[in-house]
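A.B. asks: Starting from the given sequences, assemble the full structure and let the hints guide the process.
One line per chain: the protein sequences are A and B, in this order.
Quick note, the first sequence lines up with residues 1 to 324 if you use the numbering used here.
Quick note, the second sequence lines up with residues 325 to 692 if you use the numbering used here.
Quick caveat, the hints were computed from the structure, so don't treat them as lab data.
Where a beta carbon is used, it is the ideal one built from N, C-alpha and C, also for glycine.
Watch out, some of these pointers could steer you wrong.
[As the list claims (entries may be wrong)] Between beta-carbon pairs, the in silico distance windows are:
#1 B:Pro-690 / A:Glu-319: 25 to 33 Å
#2 A:Asn-96 / B:Lys-539: 25 to 33 Å
#3 B:Gln-634 / A:Asp-55: 54 to 62 Å
#4 A:Ala-50 / B:Asp-576: 20 to 28 Å
#5 A:Asp-295 / B:Gly-483: 46 to 54 Å
#6 B:Phe-380 / A:Arg-20: 42 to 50 Å
[Claimed, not checked] In silico SDA-like links for lysine to any residue, alpha-carbon gap of 20 Å or less:
#7 A:Lys-195 / B:Lys-439
#8 B:Lys-448 / A:Ile-109
#9 A:Lys-264 / A:Lys-252
#10 B:Lys-688 / A:Thr-110
#11 B:Lys-439 / A:Gln-277
#12 A:Lys-195 / B:Val-671
#13 B:Lys-688 / A:Cys-245
#14 B:Lys-439 / A:Ile-109
#15 B:Lys-688 / A:Gln-277
#16 B:Lys-485 / B:Asp-576
#17 B:Lys-439 / A:His-140
#18 B:Lys-448 / A:Pro-165
#19 B:Lys-448 / A:Cys-245
#20 B:Lys-688 / A:Phe-281
#21 B:Lys-485 / A:Asp-22
Single-letter residue listing:
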Amino acid sequence: MPEMNLVQAINHALAFEMERDDRVVVLGEDVGLNGGVFRVTEGLQARFGAERVVDTPLAESGIMGSAIGLAMAGMRPVPEIQFEGFLGPAYDQLVNHAARYRSRSRGAITIPMTVRVPVGGGIHAPELHSDSPEAIYAHHPGLKVVMPSTPSDAKGLLLAAIRDPDPVVYFEPKRVYRSFKEDVPEGDFEIEIGKAKVVSEGADVTVVTWGATVFQCLAAMDAMPEDVSVELIDLRSIYPWDMDCVIESVRKTGRCVVVHEAPKTCGFGAEVSSTIQEHCFLNLHAPVQRVTGFDTVMPYYKLELEYLPESPRIKGAVEQVLAY
Amino acid sequence: MTQLASKVESSKGSRPRLSDTLPDSTLLGWLHSMQLIREFETRCMQAYQGTKIGGFCHIYSGQEACAVGTIGCTNNDDPVILAYRDHGHALARGMSPRACMAEMFGKAAGCAKGKGGSMHMFDKPNSLYGGHGIVGAQTPLGAGLAFATRYEWEVLGTGTKKVTLCYLGDGAIDQGAFHEALNLASLYSLPVIYVIENNGYSMGTAIHRHSANSKRLTMRGEAYGITSIEIDGFDIRNVYDQFKPLVDECRDSQRPAFVDFKTYRYQGHSMSDPQKYRTKEEVDEWKQRDSIAALVSHLLHDRRCLTEAQWKAMQDEIAEVVRDSVEFAENAPVPEVGAELYSDVLVNPQPNMSPAGEYIHGAKNPLL
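C.D. replies: Shown next as structure tokens:
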């Protein structure tokens with residue numbers, strides 16, 4: 001198995017699927033000749049041609065809308081929105097069209113589209129280039145939302161997303177893009193959308209997270225005494241999300257901390273926390289805690305790590321729920 | 325004589341009009357289709373006023389020549405995508421009046437299973453990709469449909485050369501998405517024709533009050549290097565004469581086009597429109613040159629392929645078809661809550677949203 005970082009794994013998965021299915025087309029700003037702003041689509045245009053890897057104008061509504069049109073006609077478009085902040089101009093198309101087509105046409109027309117979007121902070125980018133809007137899109141019925149944190153998951157989830165008959169927003173945590181490599185299986189495999197991954201099993205407290213903060217949680221666990229047993233869950237899919245996995249874990253541990261980069265109010269952690277109290281009320285030894293970004297606009301890079309849920313804050317919350 | 329004047333002259337003069345070369349049956353078919361739309365919309369208004377139809381309802385009466393004429397220039401596998409005033413096009417494309425009316429009534433036999441209503445005229449077998457409620461937002465989708473047909477023809481080698489018709493009103497031309505769509509269509513050479521049904525009003529605002537340089541809308545298409553023409557969309561023979569060569573040209577060259585169809589709607593923007601923005605005299609003036617009456621006159625007196633008795637019989641037959649569609653819609657069952665309310669959101673209903681959902685209504689809810 002070749003070693004790959006997240007960028008290479010996504011590139012590899014795109015090429016794999018384009019080779020397998022000639023209905024797959026990639027479109028976005030600078031995705032062709034330049035290989036994408038993060039070089040995720042590097043080499044794809046040379047390999048598959050400019051009619052399948054299409055450089056677009058800076059026009060996100062047009063990119064998203066034409067990708068939806070492609071999908072309506074049975075193609076498998078994979079548009080890239082360069083940064084999550086640029087979803088703004090495409091929001092109308094994504095929410096008012098892509099998410100609703102199956103419903104509006106009552107199953108006659110579906111949108112098998114995968115929207116690739118770099119997401120999150122931690123790379124010294126400015127605001128509008130560092131946000132985590134996964135809860136916004138999870139809130140819209142008709143969209144699936146995923147966020148892989150490892151190269152292998154990235155490949156398996158991307159193949160599942162492109163083959164999914166419904167629109168999938170595929171968030172790529174920028175902070176993980178080149179942070180490490182791992183062996184990625186070469187052949188065909190999918191990771192089921194909606195299935196979480198237990199990163200490490202534990203007995204005392206459940207930590208639920210997704211995206212780049214998986215690694216902040218691992219760092220927090222490293223800093224804790226050896227007798228603290230943490231069960232770390234990487235949600236991977238934000239909608240649909242793996243309630244069974246989380247509920248089962250919290251029924252076992254009785255304690256839970258949810259960690260995400262997005263602002264606290266109406267972040268997806270609120271959904272996780274609320275679901276836990278609905279289903280694990282009598283199992284809980286402590287209130288569920290959330291470690292999140294703040295209800296502010298993402299600050300410029302000098303304060304970025306103050307905003308993001310770094311490992312000391314996560315460690316503090318775990319200690320709090322253990323001491324409750 | 326100026327070039328324009330000579331064009332007008334030739335269209336009036338001795339050279340036969342393109343539509344004159346068509347068989348009588350084609351023009352009689354247009355008349356049937358236009359009258360079907362007119363009658364259907366009349367009954368829709370009655371049903372809406374009788375609270376049989378909910379949601380909103382945008383009536384197409386007056387603009388029939390545009391839908392019937394333009395769709396009459398296409399093949400049935402050429403994609404069509406619509407704005408919200410969409411019943412007429414659906415009927416012109418061959419949707420059954422029963423499916424159309426049942427949708428209006430919110431009944432399960434509707435084209436969108438009765439769960440969408442007036443703006444949800446989907447008919448995939450007839451390549452009809454639905455009505456759209458967000459003004460102008462369907463225009464990039466039209467570019468995408470054309471991208472797909474071109475890709476199927478050119479890259480996959482599985483399709484023939486097709487042309488997509490993307491309809492919008494004059495109100496939609498001010499939307500940003502439309503300009504993105506025009507740019508994409510021209511840049512990628514996509515065979516999509518933007519059919520602007522310019523009825524002079526964006527809801528209640530006259531075109532000169534909502535759009536800059538409104539007497540020359542074609543300049544907007546030209547600015548993107550797109551063939552852009554004006555067509556009198558109130559005269560169906562004229563629609564065919566001018567639009568058919570354009571469709572053929574777009575199909576052949578796989579290029580986009582922009583057409584400013586001058587037309588007029590007899591009813592308000594929606595059923596709840598007080599129409600303070602225009603006078604009854606203005607509406608009556610347009611009705612003087614009504615497109616159906618003009619075609620009937622042509623068929624009666626010029627072509628002599630229709631008699632008064634035959635026209636009366638056709639009207640009666642259509643009235644019966646539409647009456648039947650209303651009766652069908654009245655008697656059709658409403659969508660079943662258990663099976664339909666939660667369906668068709670995602671391909672696989674999720675456990676926390678389906679009616680049998682374990683977490684909300686089922687075994688996994690600790691309170692049940």
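A.B. asks: Going through the numbered hints above, which ones does this structure break? Give me the numbers in ascending order.
C.D. replies: 7, 9, 10, 11, 19
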